[in-house]
Structure formats: C-alpha cells, structure tokens
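Trainee: Listed here are the chains, written in short residue letters.
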Amino acid sequence: MGRILLLALAVAALVTGVLGGLARLGVPLAFAAGAASHGVLMTGGFLGTVISLERAIALGEPAAYAAPLAAGSGALLILLGAREAGLWISLGAPVALAIVSASLLRRQSQAHIALLLVAALAWGVGDALSLAGALPNAVAAWWFAFLVLTIAAERLEMTRLTRRPAIAAPLFHLCVAAVLAGAAASLAWPAAGGVVFGAGLVALAGWLARFDIARRTVATEGFPRYSAAALLAGYAWLAAGGAAWCAMSLAGPAWRDTALHALGLGFVFSMILAHAPVVVPVVARRRMGYTPWMYAPLVLLHASLVVRIAGDAGVSTGRMWGGVLNALAILAFAGTLALALRRRMGQGIRPATTTEEPRR
Amino acid sequence: MAEESAGAAPGLTAFDYSGPPELAPAITAALRRVVDPEMALNIVDLGLVYGVELRRGDAHVRITMTSAACPVAEMIIDDVVEELAGVLGEGAKVDCALVWEPPWAPERMSPRARSAMGWD
Numbered sequence: 001m002g003r004i005l006l007l008a009l010a011v012a013a014l015v016t017g018v019l020g021g022l023a024r025l026g027v028p029l030a031f032a033a034g035a036a037s038h039g040v041l042m043t044g045g046f047l048g049t050v051i052s053l054e055r056a057i058a059l060g061e062p063a064a065y066a067a068p069l070a071a072g073s074g075a076l077l078i079l080l081g082a083r084e085a086g087l088w089i090s091l092g093a094p095v096a097l098a099i100v101s102a103s104l105l106r107r108q109s110q111a112h113i114a115l116l117l118v119a120a121l122a123w124g125v126g127d128a129l130s131l132a133g134a135l136p137n138a139v140a141a142w143w144f145a146f147l148v149l150t151i152a153a154e155r156l157e158m159t160r161l162t163r164r165p166a167i168a169a170p171l172f173h174l175c176v177a178a179v180l181a182g183a184a185a186s187l188a189w190p191a192a193g194g195v196v197f198g199a200g201l202v203a204l205a206g207w208l209a210r211f212d213i214a215r216r217t218v219a220t221e222g223f224p225r226y227s228a229a230a231l232l233a234g235y236a237w238l239a240a241g242g243a244a245w246c247a248m249s250l251a252g253p254a255w256r257d258t259a260l261h262a263l264g265l266g267f268v269f270s271m272i273l274a275h276a277p278v279v280v281p282v283v284a285r286r287r288m289g290y291t292p293w294m295y296a297p298l299v300l301l302h303a304s305l306v307v308r309i310a311g312d313a314g315v316s317t318g319r320m321w322g323g324v325l326n327a328l329a330i331l332a333f334a335g336t337l338a339l340a341l342r343r344r345m346g347q348g349i350r351p352a353t354t355t356e357e358p359r360r
Numbered sequence: 001m002a003e004e005s006a007g008a009a010p011g012l013t014a015f016d017y018s019g020p021p022e023l024a025p026a027i028t029a030a031l032r033r034v035v036d037p038e039m040a041l042n043i044v045d046l047g048l049v050y051g052v053e054l055r056r057g058d059a060h061v062r063i064t065m066t067s068a069a070c071p072v073a074e075m076i077i078d079d080v081v082e083e084l085a086g087v088l089g090e091g092a093k094v095d096c097a098l099v100w101e102p103p104w105a106p107e108r109m110s111p112r113a114r115s116a117m118g119w120d
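So the protein sequences, as listed, match chains A and B. Numbering of the first sequence is given in my numbering, commencing with residue 1 and proceeding in unit increments. Numbering of the second sequence is given in my numbering, commencing with residue 1 and proceeding in unit increments.
Looking at chain A on its own, in the form it has when it is part of the complex (with noise of 0.2 Å):
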C-alpha cells in the first residue's frame, strides 16, 4: 500500500537522523553518513515526507503523492551517500507541496492555507540555499520557518472556533511577517537577521498560547486533554528556541544546539505527539485508541530535553545523556501508538466530552 510505503521511507528517515544526531553527540555509532546529514534527514526526510502525505491524502489527488514520494526517496538516496542527487530530488517535493497547497487554496480560500503555501515555499528554499551552500543557520531559518509556519496555519485554523479579538489576526500576520523576514535577513546580515527571526518566534509562541484552542481543551479529559498539554508545552519550547536563536546570532555557537532542539524537539516534536495519535490512524486505516500511557514519552521529551539543554549549559556530559533520552523518548512514543493501534478499541479516539450525548 502506498501510504504506508510513504510512511517506511519517513520513519526511516526518522530513526537514521535520530542515531545520527546521537552519533554528532558523542554515542559510539559508527555512522557517518547520518551524523553529515542529521538536519536534512529530520526536516526534509521526516518531517518533509510526513507533512506532505498529510496534505496528499486531503486533497485525494494521485499526484499529489509525488511531494512525500521526492522527499522520502532523496533521504534515502542521502543515506545511501549519493547526497547531491538526493538533495536535487528532495528539492522537487517543497515545489510539489507548493502545488498541492495552490491545489487546495482554490478549494478554499482561507488564510490558513494560503499559509501552508508560504511554508512549503519556505522548505524550498532552505533546500536551494542548502544546495548553494549557503550559511548552516540561514538554511535551518529557513527549514524551522517551514516547519513552525506549517504548524502555526493548522493552529490558526482551530482558532476559528474561538471568539478571537480584532486584534488577533493583524498581531498574526506580524509574527508570520517577522519569521519570514528574520530568515531572509540571515541571509546577508546573520546576527540581525536571527535576531529578527528569534523574536519572531517568541512572538508567535506567545500568540499561540493566547489564542489556540488549546487553552480550553485542556480543560476536558482523555485524548483532547493530552493534546492540550502537548501543544501548550510546545509552545513553551518555541518560545525558549526563539530566545535561544536570538542569543546564537548574538552570542555565538554556544547557543546553537539549545535553539535548534528546543525548536525540532521541543516545539516539532511535542506537535508530533500531539497530533499523531490522529493522523497516523488515518493514514494507516486503522484505529487508534487512548490510552493515558501516550503522556509517559511526552514528559520523557520534555524532562530529557531539559536535561540536554542543561548539558549544553556546560553540565558535564548532560548534553550526550540527555540526547539518548531524546531519543528513548521518541523511540518510547512510537511504542506507545504501535500498542495504542494494536489495542483497537473499537471506537478509537472519541473522548467523552462535555458537549456529548451520553453514550449509552
């Protein structure tokens, strides 16, 4: 089945990025070519591949398969040491999401799609700059900006449930502008640039917090609930990744490994958790049910991300443990959806609610 394929190519991506991050950390892996190419395997290979079958199975066009179908496959070829033609196939999946975005944005007009849009042209060009060989912390401006944009549109979406004040979508689009703006400016002036791209974030963080949906479910119970949490303690991250951009283009490289993982695995990660239990039953055509257990990795995550970011800080080999525990705590939440799927409980995740007939 071709989901599923999609969904091997992504997880393999997935776990070589992960050992090849624990081997840049100092984890006896002999695994060179995962630790080169550690970020594009993550954003692009994926989070890439994983975004765009997401956006694929809803627009239920064929074609729409080729953008996770080039990012997936150029990860591979990366892994397999023929990078550059990786890297030039892995191109054409930013440019294929950008259609299916445009696809979608004529079924319906919304701000938030439109979005979606921006952000895949954002993956595109960090994959160009990449492939120009342009300055690490411009490209990965640009990766993160797909990535938090991505996340930030199908945010704003939810927000529409809300009463929100005039305000809101102005201050919106401010963030977005200032994101975007930060990432290009890093381009020719990289302390100002990240500077602008850092508050951005924090901005946005602060946003999000304020008007997402989050701040309400949270207060329900079950599948809804655990969601919540996630998403607000991925705002948290987004906010302190922010902060710790704006301190790496000021400060120096010091800073750079707390930015890029309180970012990709802080923020990213803790919205993985929070919205796989959903979408990877849709696109493995199974059932997903609850469980309270799916709260065990997230606490993992963010409790051994604090220990890194310690390490980082200059606590002796916190950075090394801490990253193992990153990815035990990955590692850990797949176990924790294979078992959920497994369990099949019939109903999947319908969570009793407030706003509910009761069931029986």
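Think of the hints as simulated: they come from the structure by calculation, not from any bench. Quantities reported herein were computed from a predicted structural model and do not represent experimental measurements. All residues carry an ideal CB built from backbone N, CA and C; glycine is no exception.
What follows is a list of derived Cβ distance ranges for each label pair:
{"hint": "1", "chain 1": "B", "residue 1": "118", "chain 2": "A", "residue 2": "292", "range": "25 to 31 Å"}
{"hint": "2", "chain 1": "B", "residue 1": "98", "chain 2": "A", "residue 2": "102", "range": "18 to 24 Å"}
{"hint": "3", "chain 1": "B", "residue 1": "87", "chain 2": "A", "residue 2": "334", "range": "33 to 39 Å"}
{"hint": "4", "chain 1": "B", "residue 1": "20", "chain 2": "A", "residue 2": "219", "range": "38 to 44 Å"}
{"hint": "5", "chain 1": "B", "residue 1": "118", "chain 2": "A", "residue 2": "28", "range": "50 to 56 Å"}
{"hint": "6", "chain 1": "A", "residue 1": "164", "chain 2": "B", "residue 2": "18", "range": "33 to 39 Å"}
{"hint": "7", "chain 1": "B", "residue 1": "98", "chain 2": "A", "residue 2": "286", "range": "19 to 25 Å"}
{"hint": "8", "chain 1": "A", "residue 1": "134", "chain 2": "B", "residue 2": "102", "range": "41 to 47 Å"}
{"hint": "9", "chain 1": "A", "residue 1": "334", "chain 2": "B", "residue 2": "92", "range": "38 to 44 Å"}
{"hint": "10", "chain 1": "B", "residue 1": "98", "chain 2": "A", "residue 2": "168", "range": "25 to 31 Å"}
{"hint": "11", "chain 1": "B", "residue 1": "105", "chain 2": "A", "residue 2": "334", "range": "36 to 42 Å"}
Given chain A's structure and the hints, the job is docking chain B onto it.
Mentor: Chain B alone, transformed into the frame defined by chain A:
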C-alpha cells in the same frame, strides 16, 4: 437534544433533513457520536453536517470540514457511514459526500459548541 437539530425549521447550526420524522432523533444522535478528536466536539455541534436525506432506507449525507487541508476528513466520513449504518440496519447503503459550498463558518456551531469555545 436530538430534536433541536432535525425538523422543519432548523437554525443555522442544524442540518437539512429529509426522511421519516421518527428516524430523525436516532440519526442526529448517531451523528453526534462522531467527534472531531482534536476539537473535542461532535460534528453536529461543530456545524459540519449540511444535510441528511433518507431514500428507500438508504442515507445520503453531505458534510464539510473546517479545513480543506485536514487529512482527518477521511476518518470522519468512515465514522459517519459506520454510525448511520448502525441506525439504519444491515443492507442500508450510506454515502457521505464531502462538500465545500457553502464554506464552513463559526456561525454554524451550535449554542453549546459556541459556549464551549467561549463565544457566549
């Protein structure tokens, strides 16, 4: 609860219903069991159900989504089909079409959904 959403004079949050009146409460209750997992609200209260038409025991449903970019539509449609098949019994055909016109808007939410989301 069920009666408020099906009948002759539905408000904005209700859906068009055509079929035997005695089945309306059961149909509405079945659709209320389909919950958007992230929003913690069912699709009737969210205003995602546009219409249900019963003809010769088969059901034709029209629903929308808050976002065209959301992959969960597929699963919600499966849930609708499963729940209505449960009400109509074996042999009944249920088809559920995803439509984008008219576009969903927050005004379509039921009073209690709006209250849960802080509108009132």
